[in-house]
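Peer 1: Read off the chains here:
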Amino acid sequence: MNNALQIVYLIPLLPLLGFLINGLGRNYLSKTLIGLIGSGSILGSLILSIWVFMQVKDGNTFVAEYFNFIAVDKLVIPFALKIDQLSAVFLLIITGVGFLIHVYSASYMHEEKPGHFGRYFAYLNLFVFSMLLLVMGANLVILFIGWEGVGLCSYLLIGYWFKKQEYNKAANKAFIMNRIGDLAFLIAIFWLIARAGTVSFDELFTAVNLAKLSASDITVITLLLFIGATGKSAQIPLYTWLPDAMAGPTPVSALIHAATMVTAGIYMIARSHVLYSMDAAELTRNIITYTGMATALLAATIALKQNDIKKVLAYSTVSQLGFMFVALGTGAYVAAVFHVMTHAFFKALLFLGSGSVIHAMGGEQDIRNMGGLGKKMKITYGTFMVGCIAIAGIPPFSGFFSKDAILLSAFMKSPVLYAVAVFTALLTAFYMFRLLIITFTGKFRGTDEQAHHLHESPMAMTLPLIILAVLSIVGGLVGIPEVIREGGDKLSAFLAPAVSSMPHEHHLSHSDEYLLMGISTGLVLATILAAIMVYRNYQRKEATGFAKVLENKWYVDELYDRIIVQPLHWLGGFLKDIFDLKVVDGLVNGAGRLVNYGSRQLRLLQSGQVGSYVLLMVLSMVLIFAIQFFLRK
Amino acid sequence: MNITIIDILWWFLSVVAIFSALMMVTSKNPVYSVLWLIATFFAISGHYILLNAQFLAIVNIIVYAGAIMVLFLFVIMLMNLNKETEPQKNRWLKIAGALAGGCLMLILVAALKDAAAKEQVASVNQGNIGLIKNLGKELFTTYVVPFEISSVLFLSAMVGAVVIGKKE
Amino acid sequence: MNALIISAVLGVVMMFSGILLKQKSAIRTVAIAGILVLLGMSILDLKGIQLFSIDTREMIVFDHFALVFNTVIFAVVLLYLLLSAPDMEKVGVNYAEYFALIFFILCGAALVTSFKSLLILFLGIEIISIPLYILTGSDKRNLKGNEAALKYFLLGSFSTGLMLMGIALLYGARASFSTVISPAIIPQNMSLLYAGMILLLFAMAFKVSAAPFHFWTPDVYDGAPTVFTSFMATIVKVVVFFGFIRLFDDMFEPQQGQWRLWVTVITAVTLFIGNITAVFQQSVKRMLAYSSIAQAGFMLFALYAMSGDGKEGLMLYTVAYSAATIGIFAVLARMSDYTFDGFNGLAKSQPMVAATLTVFLLSLAGIPLTAGFMAKFYMLKAALGTPGSLWLVIFAVIMAAVSVYYYFRVIQAMYFKEPGDTPHPAFPSFFKGMLLVLAFLVILLGVYPELLLGRLYF
Amino acid sequence: MIAFLLILIPLATGLLSFLIREEKTAKAFAFLASLATLAVSLLGLTLMNSESNLQFIAPWMSSLGSSFALKIDGMGQVLCLLTAIAYPLTFLGTWQASPKNANRFFGLMLLAQAGMMGVFLANDALLFYFCWELALIPMYFLASQWGGEKRIAVTFKFFVYTFLGSLLMLIGILYLQSQTPDHSFGLSAFYKLKIPASEQLWLFWLFFVAFAIKMPLFPFHTWQPDTYEQAPTATTMILSGVMVKMGLLGLIRWLMPVLPLASFQWGDVVMILAVIGIIYASLVAIRQDDLKRLIAYSSIAHISLMAAALFAENLSGTQGVMIQLFNHGVNIIGLWIIVEIIERRYGTRKISELGGLAQQAPVMTIFFVVIALANIALPLTNGFAGEFLMFNGLLSAQSNFKVVFTVLAGLGIILAAVYTLNMIRKTFYGEAVSLRVPVTELKLNEQLALGLIVVIILWLGIYPQSMLELTDSFSKEWFSKIDVSYLFRK
Amino acid sequence: MPILNYIILSIALFSIGIVGVLTRRNAIIIFMCIELMLNAVNLLLVAFSKMHMNTAFKAGDLAGTAGTDGQIFVFFIMVVAAAEVSVGLAIIVMMYRNIHSVDVNFLNRLKQ
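Residue numbers (the working numbering), protein chains in the order written: chain A, 58 to 690; chain B, 93 to 260; chain C, 71 to 528; chain D, 14 to 503; chain E, 23 to 134.
Bound-form chain A, shown alone (with noise of 0.2 Å):
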């Protein structure tokens, strides 16, 4: 191994070292110093992140191990880090967009006061640097440390604005349902200690460990893995904490709620892809396919009637991450990096960009305000036109390419997932170009002060916006299809090593591929139309019927609350003011009670009167002599 490569730590460690800088200096360090620090930290893992991936791409492929984390008897877990194709690939996609998005930040939060700008940075950092851990965790725990770290930077900036205790009620939420996935993702590592023994990627894939596994074991760990990506990767039933999580900065959305984090789960599923190729997996598979296409036609139809710039954007991410479920599900685990790759750069556009509106707004949010910005904010207009594009899904676009994998991985499967696939395109189309068009075209909707504010915002923050519309347009062309262009899938051949698809039992003809493309594409374009059409002169009412249903999110929320929240805060009332006082602590004062009720009564015995002490003691006697001279023998 490469000796120069143990400095691969660098990568995360810079960023924890911001964090710890701004962490401590945020009352003392100027908030330029701050951005500085910040973004600074970041960019030198981007640049070590590239130097990594020219390594990789040299076939350097590689495990520092450092110290060990915990060794009891068998189980040694070292603290280690991996790099391969596979983190390579998301250590650019994190570096990089976690960059650009500090820099927007920098320019985004500069209203805040000094020491919370300097929390703000520090957490960004903090959550930069366990998002890097946990794509270069070297085994399950490494990872799992990451996981969690995430989740908790996560709650950290949901909860950024700590004075609104709605804000800080998502905080919890989306870490207290990330926990429920995380518990699974547990489970499912000590399942592995308990049967393979070990947890480290490269020792757990071997062969020998493998066939320690026996099929229950597979089934049972893949699913728990996969519930454990459905509460990081917000998929069905363990979604609707995302929505909520828009209450954090939107630059945080950005990153944390569409790039990276959310992707962990496809990381993770797509780092133990070994396991979910096996046969004895085909169950978990299939629930992986569903749920991720459940998931994603719900969140669609949902995203369908929000008012609220982000939360469409935030189903819209759901979706997409359902498809990238699918994909997995299929076994087409490289269409799902893929898509997380292009999901990245057009979803972090989008937020950014409705980062953009918000900020020009003066914080508004409901698009229902909004209308004919495009007008005053031309940049933002255009790169958020992109982004629409993008995920709408049209050729050459990034969307296209990662999602045309995609689907054709479900026709794959089958024809009627191809085509409730094809229809939730349709959807994210239609509720994408629903938000552009009421956003920027059309009238004014706003109150004169915001209309009077209405300007474009500034450098940093548009920089960034045009770096990523690049990005959104050409990013699909490292996989483009084998049948535009031989050899056009670049991704797949730079993943190969680490990550390769399960083939295709039949194969189609290229002729059918065109066809499904083409397909696809013509049926977007005329939902893109379609939407223009209903929407260009929108005007503000109240939903009804079945739109008040997709506006209240299906009330799924309301039904957890009924069936899971309330009863447990029921039975936590019960067992806390009732069982535990009554009964439990009841028994012990009772015990008490009965000794002090007890003693009241035998003191009558003590009558003070001769005659009824010796009449008690002759009855005692007799008693005595009875039994000793009659009954036992």
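Honestly, the hints are just simulated from the structure, not real lab data.
Being a predicted model, the structure only gives us computed values, none of them experimental.
Label pairs and their in silico Cβ distance ranges:
(1) D/Pro-194 / C/Arg-525: 25 to 33 Å
(2) C/Gln-258 / B/Gln-146: 25 to 33 Å
(3) D/Leu-206 / C/Asp-411: 44 to 52 Å
(4) C/Val-507 / D/Leu-29: 17 to 25 Å
(5) A/Asp-614 / D/Lys-363: 27 to 35 Å
(6) C/Ser-419 / D/Ala-41: 28 to 36 Å
(7) A/His-509 / D/Lys-363: 42 to 50 Å
Part of the chain E face toward chain B, derived, beta carbon under 10 Å:
(8) Asn-76
(9) Ile-113
(10) Val-115
Note that CB positions come from ideal geometry on N, CA and C, so glycine has one too.
Since the structure of chain A is already known, use the hints to place chains B, C, D and E on it.
Peer 2: Same frame as chain A, now just chains B, C, D and E:
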């Protein structure tokens, strides 16, 4: 089964003893109680004589019937209790007391009746261990230590009577 | 034998000292000198030096264990007199006679610890009992004292009757009053033997205030002058206990299977009634009376187990329980208010007294590193050595936990409550010093019990 | 010698402390004494960790078969370090709280420390029992004299409850002693015992109840929230941080290796109790309004998990418990320090009366959040390694229901997040509702104490192996004693 | 005379004494009942004494003193009873002086 004069005497004395004991317990007037108790003691002394325990018979009459009971009588007279002053005690308690005592007797008798060997006999009217000569010899040889110790008992009783009785 | 005779002589000396000496302190000095002499004599006994050679015809046999026990008892009496003798002045005018009676009781104690004949046991018990009746009633103006004396006397005589009946039945069965089991004495009639044995069990249970023959105890202890309650509840009680165990150990060892059940029942009932009833008491004195019943329950384990551990435990109990109880009663005798509230805030005005009282109470409750714990420890150890005793032992420790309730009420009153209106009495420094000595003794034996137990075997 | 000093220093200084009249002096004296103990403890850990230094045997009650035998083994190191560190932290963290009769207060605190050290080090059952009570009595007086309104009744319940438990244990000890061939109370003699299974089954409960009350496990726990609530905070810190470990130590050292068959047989029952305790306590904690009670219930949940992991009977669980013994103590002391600060400054510990403290005291908030997160076992805090190993152990247990146990106990993790985050949210976040007091940040002593705790949290979070190594050989040896599974394998 | 007769007789007397203690309120009479109990014991002891003498006699011990101890014991009982009576009556008189009654039902200051 031939009934001898001793049998007749035995039964007579027993009946007298029990009857006077019952009368002692049931008499309302304390003075009568004392007198009935003396009668009991006489009957018991009679038994002693039947058993050839002449010394004890005499001592019983002199010490118990003579000295102790007179002391009782004297105290009763001193307190002017020679009237039927005792108010009715709780009747249930009385019945319970009588029942309990009766039960105790029945159980003890039943327990000892089975077990006490029939052939074991207290020899009546024979042997001379009860004579003062024999008892005295034994008392001042073998039992001299307890005899001396009983003087401590008397001393303490004496001190006690002084402590209790002395006017302050 | 030395102690037996000297104690009787000392009783007589005290009788006359009352006539010859007018100063109460002089009388007290004579008494304390007397007990010192007695202690010395007892130690001489222990060393094997007999001043008198008397043929008791095997009716009285002083074995090593009894002699050690006597010595310990006399030492405890010494402590008792040092601490409480001044308080006797308040009881009545017959100061010297009280001491005389105490010495007579000690004479009885020497008998009860060394008898080998039922006759001596009977005489010993009576020599102990009769002076006690008098001491109980010694405060003649106090109606409670009178009442206690009469109750004690009537019930005590009644139990004497039971005892004598038992002895008579045993005599019928064994043709001898000797408690020694020898080939010459073969019980011919088991029913008579059992009946007599159980009657004796009742009578002795009465004397050590074991339930259900304990009823006299609270009333008498409560009514008697506090100084004498202290004496009765401690020294007398352990002495009779010793006799109790000696009797059953010597005489009824072969019948263990017959009486152990009843000892078990009596132990359990005693523990139950003593501890549970004590919980509700409002007067500390009465609480201590019930506590003495409860402690008797623990001492019964020595009888139950009838083993070396049990006797060691009884020995420790003698010191631990007596020292603690004497200390508490000595303080109580000087308090104006006998209720728990009377102790409120004592720690503020009398920190030293409160601290020693705490040690005594902890010892009674059986908290480790006090002698009381070691005593209970040996008892439990002894009991566990007997098969099938687990439930009894568990019951006993549950009751011990209950006992914490009432002992700690005093501690709570002293430390955690505000003092009431009536001021606490002042305690002379000698008195405090003696309390410290007692407390020290309690802790010393708790930390290093071998100091005492080592004397038992050599 | 180290072992003896660890008991002697607190004992002697504790007794001396009663003689000091001046309040400030007493405080300083106690603090210095606790530092001395810490220094000795660290010496024992580093420079003087040879066998001879860590062992101490003196004759005592030899006729009973008992001796004054002390030994610092791996677990002893951890627990002594915890005890030694807990005291300076407590004194430092509560420097501002000035109890009346300070000399007595600190004297009793130090005496309790001596008792706890004794419990952790004793290698003789009788000595163990003595120290067990020696630790309890000062605690009783501390809580009763300096506590809250209902202190007398509450602490009395605590005392009687634990006393009853310890008496039952005494029966067990006595029984075991009577079974040893040379009638010895020595630990090694106990370990050599081969008690028949039928007897083990009931003997087990005599010990277990005592330890379960101390820890406390459901359903023996009700003394605990009340006592924590009523006791003065310094006492509560020691109670919850150190004293509850006595119960676990009892299980580890005195119960499971001595009665391995019964421990195996009753393992499921204990685990059921523990799992119930975890969920139960967590649910109750969710609804608590009183910070102290909330933390008390959270402690019950944590301790229950440790008990469950112990009875999983494998190395992973054991090592997890070992490290968690230390972590839990440090973390909960940190929480108490902050609760104490809140109560002193704001005059209430009701969550409903607090809010928005983060605006007034950001530093305190950060400390609290870090410690609270450590308490819910976030990775890279000290709690993680322990809980990770414990859960891992639980899933590898011999029990047929191990998966159920693991999943249910795992719910505890989720519920822990719920109540911890809710507490943080309601207390520190949101609009400030109480501005009765001027904005004050932490005092230097508080910062020092909390800072030290955070350092420990992070150190053991990032490099837990440093502590796991300490107990490694102990755990292995222990496991070899309790492992009876070979008897049941075909 | 069979020993059983004596046993029954003296148990009867003894029980009558107990019943008296149980049912009477007058302290003096209670005391007298106790004396009756003692006498019952005495009678039994003498009877046993003669029984043992008889046994020894049958076994060939013609000039023996078997059974003497029983009668000696009776003597001691009488001694003790006498001492007890002196103290007991003193206490009763003391009581009478204070409350002008010897009714034990008035002894109820001490209870609980």
